[in-house]
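Engineer: For reference, the chains in residue letters:
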Amino acid sequence: NAGVTQTPKFRILKIGQSMTLQCAQDMNHNYMYWYRQDPGMGLKLIYYSVGAGITDKGEVPNGYNVSRSTTEDFPLRLELAAPSQTSVYFCASSYRGSVETQYFGPGTRLLVL
Amino acid sequence: GENVEQHPSTLSVQEGDSAVIKCTYSDSASNYFPWYKQELGKRPQLIIDIRSNVGEKKDQRIAVTLNKTAKHFSLHITETQPEDSAVYFCAASINNQGGKLIFGQGTELSVKP
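Same order as they appear, the protein sequences are chains A and B.
Residue 13 is where the first sequence starts when you use the numbering used here, and the numbers rise one by one after that.
Residue 648 is where the second sequence starts when you use the numbering used here, and the numbers rise one by one after that.
These are computed hints drawn from the structure, not numbers from a lab.
All values derive from a computational prediction rather than experimental measurement.
C-beta atoms are modelled at their ideal positions from N, C-alpha and C, and glycine is treated no differently.
Be aware that a few hints might be false.
Claimed, not checked - Here are the computed lysine-lysine pairs in the PhoX-like style, where the Cα-Cα straight-line distance is at most 25 Å:
id: 1; chain 1: B; residue 1: Lys689; chain 2: B; residue 2: Lys718
id: 2; chain 1: B; residue 1: Lys689; chain 2: A; residue 2: Lys56
id: 3; chain 1: B; residue 1: Lys759; chain 2: B; residue 2: Lys718
id: 4; chain 1: B; residue 1: Lys705; chain 2: A; residue 2: Lys21
id: 5; chain 1: A; residue 1: Lys56; chain 2: B; residue 2: Lys684
To be verified - Over the 10 Å line for every Cβ pair with chain B, so calculated as not near, a few chain A residues:
id: 6; residue: Gly52
id: 7; residue: Leu57
id: 8; residue: Val62
id: 9; residue: Gly117
id: 10; residue: Leu123
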């Protein structure tokens, strides 16, 4: 199993541009999450999904959108990128959510200039 | 909502000494408390976790204790080694809320040879 994969690894965006961060898992996990990690800080939950077709907001959802059309994929969409969205983005998944281990992807480093 | 506070933010120990990192949480409904280790430029990786029905859990040199009454939990690393140097994050999850993890701010542990 590849586990949780993310693309791209690194991206530079100009202010106002849009992009989609890709996340996929091959562990047949129902729950998937998007976190952002600012330099020297902990992780903040952006959005999460408990199954295909079901998504919900986390702590910091503004400026982002998600969709979950399949169990395997959970893309994160940035519309109108802003410098405040410069961060490292981690996708994670777990089998059933509560009290289950979350496995993290390698992260996408995003720089908005 | 849930809030997790982590202390200290930095910790320096001599090789062979013990290290203790403490976290407090605010929501008494939290029932799952994982600890993640993150090396520079890498993804967070689970090192140990504890559920609310257990007071202590140990895995070789690593142990976690939970005090539900005081709403705090701690990570204990004994016989520290240079490869233990990393940033450690605690987190808390509330049952029946999709497994959302609320992270502490992180502790940068430095083990000096």
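Engineer: With reference to the structure, classify each hint as holding or not holding.
Structural biologist: Right, here's what the structure says about each hint:
1. B:Lys689 <-> B:Lys718: Status violated; Cα separation ~30 Å.
2. B:Lys689 <-> A:Lys56: 17 Å, holds
3. B:Lys759 <-> B:Lys718: This hinted pair is violated, its Cα atoms lying about 32 Å apart.
4. B:Lys705 <-> A:Lys21: With Cα atoms ~35 Å apart, lysine 705 (chain B) and lysine 21 (chain A) exceed 25 Å; violated.
5. A:Lys56 <-> B:Lys684: 16 Å, holds
6. Gly52: Its Cβ does come within 10 Å of chain B, the nearest being 8 Å, so this is violated.
7. Leu57: 6 Å, violated
8. Val62: 5 Å, violated
9. Gly117: 6 Å, violated
10. Leu123: 15 Å, holds
Figure legend: structure checked against the earlier numbered hints; hints not met, in rising order: 1, 3, 4, 6, 7, 8 and 9.
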